[in-house]
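Student: Sequence lines, in order, name chains A and B. Count along the first sequence starting at 1, add 12, and that's the number in this note's numbering. Count along the second sequence starting at 1, add 12, and that's the number in this note's numbering.
FYI, nobody ran anything at the bench for these hints, they're computed from the structure. If you're wondering where the values come from, they're calculated on a predicted model, not measured in any experiment. Check each hint, because a few of them may be wrong.
Each pair may be met inside one copy or between any two copies, as identical chains are not told apart.
[To be verified] Heads up, simulated SDA-like pairs for lysine to any residue below, C-alpha to C-alpha not over 25 Å straight-line:
#	residue 1	residue 2
1	Lys300	Arg45
2	Lys176	Asp211
3	Lys176	Leu212
4	Lys288	Tyr173
5	Lys288	Asp211
6	Lys52	Lys235
7	Lys235	Thr172
8	Lys86	Glu35
9	Lys49	Ile113
2 protein chains.
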Amino acid sequence: MEKRVAFIGLGIMGGHMASRLLEADYPLTIHTRSRAKASKLLGQGAEWADTPAKAAEQADVVFICVTDTPDVEKVVTGEHGVIAAARPGLIVVDHSTISPIATRVMAAALAEKGTTLLDAPVSGGDVGARNGTLSIMVGGESSAFEQVEPLLRRMGTTITYCGKSGAGQTTKLVNQILVSVTNMGVCEALVFARKNGLDLERTIAAVGGGAAGSWQLANLAPKMVAGDFRPGFMVNLQQKDLRIILQVAEESKTSLPAASLVHQLFTAAEAAGHGKEGTQALFKVLEKLASIH
Amino acid sequence: MEKRVAFIGLGIMGGHMASRLLEADYPLTIHTRSRAKASKLLGQGAEWADTPAKAAEQADVVFICVTDTPDVEKVVTGEHGVIAAARPGLIVVDHSTISPIATRVMAAALAEKGTTLLDAPVSGGDVGARNGTLSIMVGGESSAFEQVEPLLRRMGTTITYCGKSGAGQTTKLVNQILVSVTNMGVCEALVFARKNGLDLERTIAAVGGGAAGSWQLANLAPKMVAGDFRPGFMVNLQQKDLRIILQVAEESKTSLPAASLVHQLFTAAEAAGHGKEGTQALFKVLEKLASIH
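Isolated chain A (complex conformation) (with noise of 0.2 Å):
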């Protein structure tokens, strides 16, 4: 039989991927906080409830992708919160980048009503959620996964089990550090060359083929160049995935220099007004320290 589903919160990122399940036909209910970013789906045939309890009532998996940690909790184990609604057999997926730690609380409580967690967050971007190219981590019961992962399938393209509980959320904060940490050397390089007077576009296509090679020289470094800093992924909430990630560092006792000091300087990004701004608005920050401007 197929499976209904809803989803809940429909801001960039879930209004994407709500969309393509409602394409690929799956009756679909959905909640949001303003009910103004559901009447596009609405049109479209999805169902409106007035709760993520009710929501989940209408579902046999229930999608979460809202932004930070007590957002979830909220949906999930706050009144009105999907809980209310748990039984034997639902399953519920949240997309949101949260703790591990608060992750697998969650999985706790909805356990002892037999509804299974997977925590399930995403990195591609809007792009990624428009055309289903997201790549989806997972962690929770395999078997539950192995029940979702068609649905998932609308939504991604590598779609990897990472193991319990938890582990699909810290696959994400390891991508995060990777993320974060390389597009603090690219900033760093950047201002380096331009204070000693290279060529910024020449010295990218010098360095970029080789061992110096990333994603964010390859994607980031043009717009720095330009002076695009329009988000891609914004200060702001690489800022809270690092808060997420030195917290889980502290309590796991993991000594992070690198990340420690890309949150530092993303906190003087912050100070200067860059927060709503893409992380390439780092290279401002550290131009700024080399006193150029």
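We have chain A; now place chain B onto it with these hints.
Tutor: Using the frame of chain A, we list chain B on its own:
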């Protein structure tokens, strides 16, 4: 007329590079500190010179590939150095990675005798040197660059003219900032992953294809997982380059928090006896910081 070529410094890199010039039938004179390293090329028809000056006397273009700034200074401006044979039209191409500041001083000294110094550091490792697929970053007079470009094409595939004297070295330093900071992120991310119970190979596969991807992740992370710390690029040499980077940064008043941090962490790697291992040995330092062992 076919250019007569001299090559000074026949280490792992220089040996392969000189060999490629000889294979292309350029008349080759060689000199290196320990003559034993020259025997193979001498057997293939190269001429031996007892000093850099004598090598330069026999050549239209003198290539140098030694280790550090003082080594190049000895070869170029030291006793029996290339400068003793400097004359109008002679071109000296330095493939070593050294200080762009010292480079400009030597270029000025040679220019007084009508000889041009091109700084032309390479990247791509011993494999690139053997196969002629190096990246070569060139600074100095563009007319001299044009004259030697056909010879450089015997040794490398990505040949970039970077600008005036020192610009090749500065571009190589940009490369090394990128390489070392990205590697630091890879090491830290993998230690975080292992400490938090993830399967490392699965984690690399999950994150490697997207915004977290880099040459360092693709090439060094599997070595870290396999416990293979043999040198592709040695910690000691990375440290030499970072010292030059931080010296140039100080001279140019450029603040480099990330490069400073990676230099300090590599100092810990050297203290732990990993100086002659590959740069992926930084993984072991961060693992110790996380007290896994």
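Student: All the hints need checking, so say for each whether the structure fits it.
Tutor: Hint check:
1. Lys300 / Arg45: Result: close neither inside a copy nor across copies, 39 Å intra and 45 Å inter.
2. Lys176 / Asp211: between (48 Å within a copy, 11 Å between copies)
3. Lys176 / Leu212: Between copies only: 14 Å across, 45 Å inside.
4. Lys288 / Tyr173: neither (32 Å within a copy, 38 Å between copies)
5. Lys288 / Asp211: neither (28 Å within a copy, 34 Å between copies)
6. Lys52 / Lys235: neither (32 Å within a copy, 49 Å between copies)
7. Lys235 / Thr172: between (30 Å within a copy, 22 Å between copies)
8. Lys86 / Glu35: Neither way: Lys86 and Glu35 sit 28 Å apart in one copy and 71 Å across, limit 25 Å.
9. Lys49 / Ile113: Neither, since 30 Å and 58 Å both go past 25 Å.
The structure fails hints 1, 4, 5, 6, 8 and 9 (numbered hints given earlier, in ascending order).
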